[in-house]
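Participant: For the protein sequence lines, the chains are H and G, in the order given. Just so we're aligned, residue 1080 is where the first sequence starts under the numbering used here, counting upward by one. Just so we're aligned, residue 214 is where the second sequence starts under the numbering used here, counting upward by one.
None of these hints come from the bench; they were simulated from the model. The reader is advised that the hints may include incorrect statements.
Computed cross-link-like contacts, DSS-like style, restricted to lysine-lysine with a CA-CA straight-line distance of at most 27 Å [stated by the list, open to error]:
#	chain 1	residue 1	chain 2	residue 2
1	G	Lys283	H	Lys1123
2	G	Lys311	H	Lys1150
3	G	Lys269	H	Lys1101
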Amino acid sequence: DTAVSQTPKYLVTQMGNDKSIKCEQNLGHDTMYWYKQDSKKFLKIMFSYNNKELIINETVPNRFSPKSPDKAHLNLHINSLELGDSAVYFCASSQEFTDYEQYFGPGTRLTVT
Amino acid sequence: QKEVEQDPGPLSVPEGAIVSLNCTYSNSAFQYFMWYRQYSRKGPELLMYTYSSGNKEDGRFTAQVDKSSKYISLFIRDSQPSDSATYLCAMSKAAGNKLTFGGGTRVLVKP
């Protein structure tokens, strides 16, 4: 049974479109994250939610909007996609906000053409 | 300049060799240090965690932190082909602070 799952796994879309990525964790964790990993493998945090409340909001264009309907889900909606948004997006979760151990999903590979 | 630097590799070693990985960082506020392993097309998974300076051993893995030099290391003994992956260091300033990752070092262990 998958701990942190993301859908879709691959997403190919054109510039200007709007797309969403969904994430679910069945670990009973309180905190969830969105990361972006660029082509050079740098993994950078975008957002963090603790018990559905936004606690980390890095300098990310406001075209990116996270939404946490409940503790187990954290979705990412991206408006007006740009070429530079092409990357792998990882969802992660941790037991608590203060935990250093984060469990990552398999990633969503987004390609904007 | 990135806050956390890692040589991207690839680092190619024969099976059974010791793999030596390291990261340097610029912010002396970092207190918590982690190593994550990432297989191709998968998400990272936590390998080792160290708080402040010192060594930590877990099976074939040893993590070292030298805060005075702002340098952390990961050693993998008796390396196996299954150790072939990208190794990412990560660090944070306090519990609950965001993790800052290095760019990862790709390791290839040849049979």
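Participant: Which hint numbers does the structure go against, in order from smallest to largest?
Facilitator: As far as the earlier hints go, only 3 is violated by this structure.
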